[in-house]
Amino acid sequence: NAGVTQTPKFQVLKTGQSMTLQCAQDMNHNSMYWYRQDPGMGLRLIYYSASEGTTDKGEVPNGYNVSRLNKREFSLRLESAAPSQTSVYFCASRMMTTGTGNTIYFGEGSWLTVV
Amino acid sequence: QKEVEQDPGPLSVPEGAIVSLNCTYSNSAFQYFMWYRQYSRKGPELLMYTYSSGNKEDGRFTAQVDKSSKYISLFIRDSQPSDSATYLCAMTVQGAQKLVFGQGTRLTINP
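So the protein lines, in turn, are chains A and B.
Under this note's numbering, the first residue of the first sequence is numbered 79, with each subsequent residue one higher.
Under this note's numbering, the first residue of the second sequence is numbered 73, with each subsequent residue one higher.
To be clear, the hints were calculated from the coordinates, so they are not data collected in a lab.
Treat the hints with caution; some may be incorrect.
Only some residues are given here: those of chain B computed to face chain A with a beta carbon under 10 Å [claimed, not checked]:
#, residue
1, Tyr104
2, Tyr123
3, Gln166
Using 25 Å as the maximum straight-line C-alpha spacing, the simulated BS3-like pairs for lysine-lysine come out as follows [unchecked claim]:
#, chain 1, residue 1, chain 2, residue 2
4, B, Lys128, B, Lys142
5, B, Lys170, A, Lys135
6, B, Lys170, A, Lys149
7, B, Lys170, B, Lys128
8, A, Lys135, A, Lys149
9, A, Lys135, A, Lys87
10, A, Lys135, B, Lys74
11, B, Lys74, A, Lys87
Ideal Cβ positions, reconstructed from N, Cα and C, are used throughout, including at glycine.
All chains should be built: construct the whole structure from the sequences, respecting the hints.
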């Protein structure tokens with residue numbers, strides 16, 4: 079059972095370049111999320127999607143776009159990368175039912191460096 | 073003031089010690105409380121899940137929730153070097169799309 083799979087795992091970009099982080103989950107979860115994690119800042123929510131076809135901004139959406147392609151896939155796009163976007167990015171998914179359905183499951187992370 | 077406060081540490085203890093990790097929160101509506109463990113260069117993984125107040129035990133790990141004090145704890149008994157990781161607390165309300173995470177506490181267990 080793969081869970082949440084995100085690619086690529088490592089990427090180096092030049093300032094101004096664009097790229098897309100891909101994420102797929104095989105748990106039939108309704109909600110999907112993109113977080114960034116920086117030293118001393120904890121996890122910060124970039125965007126989330128409550129269901130296929132819907133997306134909403136989180137705490138730090140500027141400079142990012144997302145697409146919920148279908149129930150399984152949720153991609154994050156950097157249109158013009160900036161050094162401030164150097165970070166570790168985590169995709170996550172959640173069932174959104176009662177009880178343990180409130181828990182969130184994370185991918186392994188994507189390490190992005192913008193030079 | 074942050075909605076969830078967690079001491080980032082670092083916390084360093086000898087092997088075999090009892091470890092106590094804590095979070096405080098301000099939103100009395102939170103009902104679901106989680107602890108995640110994150111090893112270096114890995115994604116967070118769910119460690120413990122608790123609904124409302126009370127204790128929950130799983131092996132060497134015990135999660136406690138005190139809603140009256142808005143305080144949650146994770147205890148690790150007989151700590152092992154393999155417990156060295158960052159521990160994040162998280163909490164939410166039924167039906168809410170977003171979870172609120174603590175900053176994480178970096179824990180090192182010394183052999």
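Next item on the list: Would you pick out the hints that fail for this structure and give their numbers low to high?
Entry: Of the numbered hints given earlier, the structure breaks just one, which is hint 11.
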